[in-house]
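**Student:** Just so you know, the protein sequences line up as chains A and B, in that order. The numbering of the first sequence is the numbering used here, which starts it at 27 and goes up by one. The numbering of the second sequence is the numbering used here, which starts it at 27 and goes up by one.
None of these hints come from the bench; they were simulated from the model. A hint or two may mislead.
[Claimed, not checked] No more than 27 Å apart at the CA atoms, straight line, and that leaves these computed lysine-lysine pairs for DSS-like:
| no. | chain 1 | residue 1 | chain 2 | residue 2 |
| --- | --- | --- | --- | --- |
| 1 | A | Lys131 | B | Lys228 |
| 2 | A | Lys242 | A | Lys125 |
| 3 | B | Lys584 | A | Lys131 |
| 4 | A | Lys582 | B | Lys137 |
| 5 | A | Lys125 | B | Lys308 |
| 6 | B | Lys571 | B | Lys117 |
| 7 | A | Lys137 | B | Lys137 |
| 8 | A | Lys137 | B | Lys582 |
| 9 | B | Lys137 | A | Lys375 |
| 10 | A | Lys581 | B | Lys177 |
| 11 | B | Lys179 | B | Lys117 |
| 12 | B | Lys514 | A | Lys308 |
| 13 | B | Lys295 | A | Lys188 |
| 14 | B | Lys308 | A | Lys308 |
| 15 | A | Lys125 | B | Lys213 |
| 16 | B | Lys137 | A | Lys373 |
| 17 | A | Lys593 | A | Lys375 |
| 18 | A | Lys308 | B | Lys179 |
| 19 | B | Lys137 | A | Lys581 |
| 20 | A | Lys308 | B | Lys131 |
| 21 | B | Lys213 | B | Lys131 |
| 22 | A | Lys242 | B | Lys172 |
| 23 | B | Lys243 | A | Lys131 |
| 24 | A | Lys137 | B | Lys373 |
| 25 | A | Lys571 | A | Lys125 |
| 26 | A | Lys131 | B | Lys581 |
| 27 | B | Lys593 | A | Lys514 |
| 28 | B | Lys172 | A | Lys308 |
| 29 | B | Lys117 | A | Lys177 |
| 30 | B | Lys179 | A | Lys179 |
| 31 | B | Lys242 | A | Lys137 |
| 32 | B | Lys131 | A | Lys137 |
| 33 | A | Lys131 | B | Lys308 |
2 protein chains.
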Amino acid sequence: MEILVIAGIDIDAICGGIGKCGKCKVIVKDRHSVNQITAQEKNILSEDEISRGLRLSCFVQLNQDVTIIIPNFSLKKEQRILCEGIYKKTKFQPCIEIKEVSIPKPLLGDKENLLDSIKRELMEENILIDYLALKKISNEIHYGRKYDILKFKDEIIGVCNKEENIFGIALDLGTTTVVAYLIDMKKGDVIDIEAILNPQIKYGEDVISRITYSIKKGANTVNESIIGGINQSIDSLCKRNGIKNDSIYEVVVVGNTVMHHILLGLNLKNLSSSPFTPTISKSIDIKSRDLGIKINPSGNVHVLPIVSGFIGADTVGVLLATEIYKDNSISLAIDVGTNGELVLGNKNKMLSCSCAAGPALEGGNIKFGMRASSGAIESVFIEEETFKVFYKTINNKKPRGICGSGIIDIVSEMLRVGILDPSGNIKELKHERIRKNLSNNQKEYVIEWKENTTIGKDLVITAQDIREIQLAKGAIMTGINILIKKLKIEYIEIENLYLAGAFGNYIDIENAIRIGLIPNISMDRIKSVGNAAGEGAKMSLISRKKRMEETIISKKIKYIELASEEKFNEEFVKSLKFPEF
Amino acid sequence: MEILVIAGIDIDAICGGIGKCGKCKVIVKDRHSVNQITAQEKNILSEDEISRGLRLSCFVQLNQDVTIIIPNFSLKKEQRILCEGIYKKTKFQPCIEIKEVSIPKPLLGDKENLLDSIKRELMEENILIDYLALKKISNEIHYGRKYDILKFKDEIIGVCNKEENIFGIALDLGTTTVVAYLIDMKKGDVIDIEAILNPQIKYGEDVISRITYSIKKGANTVNESIIGGINQSIDSLCKRNGIKNDSIYEVVVVGNTVMHHILLGLNLKNLSSSPFTPTISKSIDIKSRDLGIKINPSGNVHVLPIVSGFIGADTVGVLLATEIYKDNSISLAIDVGTNGELVLGNKNKMLSCSCAAGPALEGGNIKFGMRASSGAIESVFIEEETFKVFYKTINNKKPRGICGSGIIDIVSEMLRVGILDPSGNIKELKHERIRKNLSNNQKEYVIEWKENTTIGKDLVITAQDIREIQLAKGAIMTGINILIKKLKIEYIEIENLYLAGAFGNYIDIENAIRIGLIPNISMDRIKSVGNAAGEGAKMSLISRKKRMEETIISKKIKYIELASEEKFNEEFVKSLKFPEF
Numbered sequence: 027m028e029i030l031v032i033a034g035i036d037i038d039a040i041c042g043g044i045g046k047c048g049k050c051k052v053i054v055k056d057r058h059s060v061n062q063i064t065a066q067e068k069n070i071l072s073e074d075e076i077s078r079g080l081r082l083s084c085f086v087q088l089n090q091d092v093t094i095i096i097p098n099f100s101l102k103k104e105q106r107i108l109c110e111g112i113y114k115k116t117k118f119q120p121c122i123e124i125k126e127v128s129i130p131k132p133l134l135g136d137k138e139n140l141l142d143s144i145k146r147e148l149m150e151e152n153i154l155i156d157y158l159a160l161k162k163i164s165n166e167i168h169y170g171r172k173y174d175i176l177k178f179k180d181e182i183i184g185v186c187n188k189e190e191n192i193f194g195i196a197l198d199l200g201t202t203t204v205v206a207y208l209i210d211m212k213k214g215d216v217i218d219i220e221a222i223l224n225p226q227i228k229y230g231e232d233v234i235s236r237i238t239y240s241i242k243k244g245a246n247t248v249n250e251s252i253i254g255g256i257n258q259s260i261d262s263l264c265k266r267n268g269i270k271n272d273s274i275y276e277v278v279v280v281g282n283t284v285m286h287h288i289l290l291g292l293n294l295k296n297l298s299s300s301p302f303t304p305t306i307s308k309s310i311d312i313k314s315r316d317l318g319i320k321i322n323p324s325g326n327v328h329v330l331p332i333v334s335g336f337i338g339a340d341t342v343g344v345l346l347a348t349e350i351y352k353d354n355s356i357s358l359a360i361d362v363g364t365n366g367e368l369v370l371g372n373k374n375k376m377l378s379c380s381c382a383a384g385p386a387l388e389g390g391n392i393k394f395g396m397r398a399s400s401g402a403i404e405s406v407f408i409e410e411e412t413f414k415v416f417y418k419t420i421n422n423k424k425p426r427g428i429c430g431s432g433i434i435d436i437v438s439e440m441l442r443v444g445i446l447d448p449s450g451n452i453k454e455l456k457h458e459r460i461r462k463n464l465s466n467n468q469k470e471y472v473i474e475w476k477e478n479t480t481i482g483k484d485l486v487i488t489a490q491d492i493r494e495i496q497l498a499k500g501a502i503m504t505g506i507n508i509l510i511k512k513l514k515i516e517y518i519e520i521e522n523l524y525l526a527g528a529f530g531n532y533i534d535i536e537n538a539i540r541i542g543l544i545p546n547i548s549m550d551r552i553k554s555v556g557n558a559a560g561e562g563a564k565m566s567l568i569s570r571k572k573r574m575e576e577t578i579i580s581k582k583i584k585y586i587e588l589a590s591e592e593k594f595n596e597e598f599v600k601s602l603k604f605p606e607f
Numbered sequence: 027m028e029i030l031v032i033a034g035i036d037i038d039a040i041c042g043g044i045g046k047c048g049k050c051k052v053i054v055k056d057r058h059s060v061n062q063i064t065a066q067e068k069n070i071l072s073e074d075e076i077s078r079g080l081r082l083s084c085f086v087q088l089n090q091d092v093t094i095i096i097p098n099f100s101l102k103k104e105q106r107i108l109c110e111g112i113y114k115k116t117k118f119q120p121c122i123e124i125k126e127v128s129i130p131k132p133l134l135g136d137k138e139n140l141l142d143s144i145k146r147e148l149m150e151e152n153i154l155i156d157y158l159a160l161k162k163i164s165n166e167i168h169y170g171r172k173y174d175i176l177k178f179k180d181e182i183i184g185v186c187n188k189e190e191n192i193f194g195i196a197l198d199l200g201t202t203t204v205v206a207y208l209i210d211m212k213k214g215d216v217i218d219i220e221a222i223l224n225p226q227i228k229y230g231e232d233v234i235s236r237i238t239y240s241i242k243k244g245a246n247t248v249n250e251s252i253i254g255g256i257n258q259s260i261d262s263l264c265k266r267n268g269i270k271n272d273s274i275y276e277v278v279v280v281g282n283t284v285m286h287h288i289l290l291g292l293n294l295k296n297l298s299s300s301p302f303t304p305t306i307s308k309s310i311d312i313k314s315r316d317l318g319i320k321i322n323p324s325g326n327v328h329v330l331p332i333v334s335g336f337i338g339a340d341t342v343g344v345l346l347a348t349e350i351y352k353d354n355s356i357s358l359a360i361d362v363g364t365n366g367e368l369v370l371g372n373k374n375k376m377l378s379c380s381c382a383a384g385p386a387l388e389g390g391n392i393k394f395g396m397r398a399s400s401g402a403i404e405s406v407f408i409e410e411e412t413f414k415v416f417y418k419t420i421n422n423k424k425p426r427g428i429c430g431s432g433i434i435d436i437v438s439e440m441l442r443v444g445i446l447d448p449s450g451n452i453k454e455l456k457h458e459r460i461r462k463n464l465s466n467n468q469k470e471y472v473i474e475w476k477e478n479t480t481i482g483k484d485l486v487i488t489a490q491d492i493r494e495i496q497l498a499k500g501a502i503m504t505g506i507n508i509l510i511k512k513l514k515i516e517y518i519e520i521e522n523l524y525l526a527g528a529f530g531n532y533i534d535i536e537n538a539i540r541i542g543l544i545p546n547i548s549m550d551r552i553k554s555v556g557n558a559a560g561e562g563a564k565m566s567l568i569s570r571k572k573r574m575e576e577t578i579i580s581k582k583i584k585y586i587e588l589a590s591e592e593k594f595n596e597e598f599v600k601s602l603k604f605p606e607f
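Please model the complete structure; the sequences and the hints are all you need to start from.
**Tutor:** As structure tokens, then:
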């Protein structure tokens, strides 16, 4: 562990390296180069783990040079945002094509007009031309020089001098944050990233309040606010990298169905009530000038397809990035926010559903719950017997609340050390941290005493908080179970479990399994895929093959409306319990 | 003649019905119902005319009821603008299609989005949708009602309530005037017409000065001025007919190549110097919002194709209207302005050229020449022997100058009565009207004495004026002769001669033949087709078949650059002479 820390690897070790939390697992390639496995490690590691060569790094002592494999889940959460590793390599062949032309000077008797000369050079007689590109060509092309002609679909959309660089933007339009990736469209590299809070936060934090506001104030207000935010991000990227907005020729957007409709300025009324009908599902290409996005006015804004009112373009992005739709083996993709989106299947069949998890997993509806920001308890380890609580806060500040990953850890640890029983009750144990709140007669567990917090109160987790977590994880597990049954498979057949988004990056996976938030499958099948939706947008930007696959995905995927499933209530009640190990 | 006048038929008779000018020709169906042909008539009418039953109406006396046919060329010029007669009937089947849909209310479990429901109703799964139309559909369609969906090409461009009317506009973008025809797009009828002066007149009267100004000030200034003028016309039409601009879904435009480029905001530099290369020739469809034309923002602006730097979309319009490209027989279309555009051919082959006629035929470069406006002498008859001049002015005002048709008449009459010899010299005849201007030693002929004019000067035609007319008609006849030779035909094989535009409506056709401005072919083969370019625009607006034919025409027609023809100079010198009859 010391060597790893010196090497700059942020190995996870919430107990501080005293061999208690069991987070710092590594795989030692040559067992003879290190000390023998200790009794304490045998206590913490499973037999399967031991047989696969896993050790706790805080116990490993080296005799000589040795190769160590650090599993993704042993890294501190900030380091887990991975890209190259899991995503399949995408061939750089964007929809925006660049072709060099040089137009010889015409002579008297030459009857060919300028555009036809360009078409002939392109060897595309039937290509159309965007009107503003036509004007640009008319005013900027000089006979006898060389130019880059930009094509998109069946149209010429631009003309540049040969030395000009051109760019694209992949945009992940989240309910909370908007992330813009600036991409070099001659090479395919990400040059810069800009993340801002979704300016619509002022209309409410969740999609429902956005819908309500939009219906009250008209689609245009919320639309203008998001377009403004996007333009602000683009301007920042351009300024920082010294490029002109006009050099950006395409923006590819993913986002959930509500964000998708808000971006397009579509009416949200039908999305707000059953059967939650979208206006359009197919992917759509819109000229940037029509949408008011400040890139080259002839440039294209490509919005990925959505699947239903609850399965948006972000999920399609996740699928593009994980390529579930190409595999023989069965994968499950989970993207949890206020709604959990699930996709289960393989290249033959894919089922999706949306689970109304509620905000508990993001710290909402929890007594001391908070967003993942400075001072939030983000991971927790409870010592057996002593019930002493070890925790880490974001930015290592004095705690002022608990964010989603911390709450999952607490519940999981309470289960592990026996404070909580499988039905979710805090046990009647004699311990100063377990007590009854006299004002509401509710049991609670003290995470930290008030003198160590910034809020002047004991930081506790209440029986009600536990209930909220049960409802949330129950909703998700119900979704998973219904999909599993629809597909007629067993958990064991899930070969890949992709955890997308912030959720996947920050939660402790073992703890998530212990509380029954995700199925109990082998850890090495579980992959945090970071912002896979954004990755999907990038892929669609740089690969026309991927872009074609979007449509295939959105057509192939079947949406299951959980609420109309016969067994929904039965499954839900079953899923409320915590699993017993 | 008296009966015709009582019946309200504006028969032409510049001599006032004294049997001298020979303009009032009619065909009497039953010769026995009228008096015998007189000796005076036999003097004026040709043998061929007499054999075809032609009489001068001022000599005809009726015995009983009789059928009289009034040839087009015997009507006063204002009445000659004909439409229905010559143009082929076009089937009403516009490119903008209207289809009724009704969208049933979706139920829970219905996965179909709104757009897909509409596509299913339209039975067009792959149709695209204009972005603003998508927004409109999203915000305005209510489930369970009926709507008209508007389609254009591969896109849905609008949605209307069933009772809404929709409109289109055919636009003839002339160098001098802009004429807009408002068309009912559910029936095909012309509802109203608005004509305004081209607001670019302030940048110069001819295309060359427009080009010069545009190159100096940038394409945008002249473009904005024409777009402003078009919008003003559209607003007037809308206001007068109580319709919304949003109800107009298409504008179809014809105009010469320079107007075409100005409308599109294209650079005119390449059009101003050899080889006069246009930026684009093909027809083009542009969303009205991109061009700034104030109709429905999802509406289309269709601009007809051009053929070359000198053969514009107006000529293509003339061809659409006359259907030369469909006939077996050979036709010649002549559209004379400052440039004369000629097309000769039939369905197998069509040749076109542009003749630099100069402004003389429109009254320019002529000592007392003027535009066709109030007080202009527009037709002239000279009495043989006495050389007395009969004339008619526009609005019957005291004369203040001579417009194009008047100049043609004067030259022709001077030839007929023997004042002018075939080489264009004013003969040395002793007559008070024939004199030498002492200041420049040039001969001139007095049309009217100063006391009868509003300008306080003798109104004369000078030897130099005659020279200008010779250059103009020589240029056109050279073009005709070169095309005739290229096509390897004789005059006699021209079965239709179409005279397009103001030129065709206002000139005296016999006089035009006498001065050698148009070939000497049988009068009944010559047809004034009025604003055939505008008629072509209308046809393209209401007929998708016609619109397809535009492309065929513009591809089939071959452009002959006269200046690079070997025999050009030889032909031109020959054509300067007046024909001898």
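**Student:** Look at each hint and say if it fits the structure.
**Tutor:** A quick look at each hint next to the structure:
1. Distance hint between Lys131/A and Lys228/B is unfulfilled; the C-alpha atoms sit about 33 Å from each other, more than 27 Å.
2. Straight-line distance between C-alpha atoms of Lys242/A and Lys125/A comes to about 48 Å, which puts the hinted pair past the 27 Å bound.
3. Our distance criterion of 27 Å between C-alpha atoms is met by Lys584/B and Lys131/A, whose separation comes to about 21 Å.
4. A threshold of 27 Å between alpha carbons decides the hint, and for Lys582/A with Lys137/B the separation of about 13 Å falls inside it, so the pair holds.
5. In summary, the hint linking Lys125/A to Lys308/B is supported, as the alpha carbons are separated by about 22 Å, within the 27 Å threshold.
6. Proximity of Lys571/B to Lys117/B is assessed by CA-CA distance (about 9 Å); at most 27 Å being required, the pair is judged to hold.
7. Our distance criterion of 27 Å between C-alpha atoms is broken by Lys137/A and Lys137/B, whose separation comes to about 54 Å.
8. For a cut-off of 27 Å, the pair hint linking Lys137/A to Lys582/B stands: about 13 Å separates their Cα positions.
9. Taking the CA atoms of Lys137/B and Lys375/A, the gap is near 17 Å; set against the 27 Å cutoff, the hint holds.
10. Between Lys581/A and Lys177/B, the direct Cα distance comes to roughly 25 Å. Compliance with the 27 Å bound is thereby established for this hinted pair.
11. Taking the CA atoms of Lys179/B and Lys117/B, the gap is about 18 Å. The hint holds against a cut of 27 Å.
12. The straight-line distance between the Cα atoms of Lys514/B and Lys308/A is roughly 58 Å, outside the 27 Å bound, and the hint therefore fails.
13. Taking the CA atoms of Lys295/B and Lys188/A, the gap is about 23 Å. The hint holds against a cut of 27 Å.
14. Restraint check for Lys308/B and Lys308/A: the C-alpha separation of about 32 Å exceeds 27 Å, so the hint is violated.
15. Note on Lys125/A and Lys213/B: the hinted pairing is violated, with a Cα-Cα distance of about 46 Å set against a maximum of 27 Å.
16. Among the hinted pairs, Lys137/B with Lys373/A is consistent with the structure: their alpha-carbon atoms are about 21 Å apart, no more than 27 Å.
17. A C-alpha spacing of about 21 Å is found between Lys593/A and Lys375/A, which places the hinted pair at or below 27 Å, so the restraint holds.
18. Among the hinted pairs, Lys308/A with Lys179/B is consistent with the structure: their alpha-carbon atoms are about 19 Å apart, no more than 27 Å.
19. Annotation: proposed proximity of Lys137/B to Lys581/A holds, straight-line Cα distance about 12 Å (limit 27 Å).
20. Distance restraint check for Lys308/A and Lys131/B: the Cα-Cα separation of roughly 20 Å lies within the 27 Å cut-off, and the hinted pair is therefore satisfied.
21. Distance restraint check for Lys213/B and Lys131/B: the Cα-Cα separation of roughly 32 Å exceeds the 27 Å cut-off, and the hinted pair is therefore not satisfied.
22. Distance hint between Lys242/A and Lys172/B is fulfilled; the C-alpha atoms sit about 26 Å from each other, no more than 27 Å.
23. Between the alpha carbons of Lys243/B and Lys131/A the distance comes to roughly 25 Å, so the proposed pair stays at or under 27 Å and holds.
24. Restraint check for Lys137/A and Lys373/B: satisfied, since their Cα atoms lie roughly 21 Å apart, inside the 27 Å limit.
25. Between Lys571/A and Lys125/A the CA atoms are separated by roughly 19 Å; this keeps the pair inside 27 Å, and the hint holds.
26. Distance check on the hinted pair: Lys131/A and Lys581/B sit about 23 Å apart at the alpha-carbon level, within 27 Å; holds.
27. For the hint linking Lys593/B to Lys514/A, the alpha-carbon distance of about 87 Å lies beyond 27 Å, and the restraint is violated.
28. Taking the CA atoms of Lys172/B and Lys308/A, the gap is about 24 Å. The hint holds against a cut of 27 Å.
29. The hinted pair formed by Lys117/B and Lys177/A fails the criterion: a straight-line CA distance of about 37 Å is larger than 27 Å.
30. Of the pairs offered as hints, the one joining Lys179/B and Lys179/A holds, with about 17 Å between alpha carbons and a cut-off of 27 Å not exceeded.
31. Among the hinted pairs, Lys242/B with Lys137/A is consistent with the structure: their alpha-carbon atoms are about 26 Å apart, no more than 27 Å.
32. For the given pair, Lys131/B sits about 57 Å from Lys137/A by alpha-carbon distance, which is inconsistent with the 27 Å threshold.
33. For the proposed pair Lys131/A and Lys308/B, the alpha carbon gap of about 21 Å is at most 27 Å, so the pair holds.
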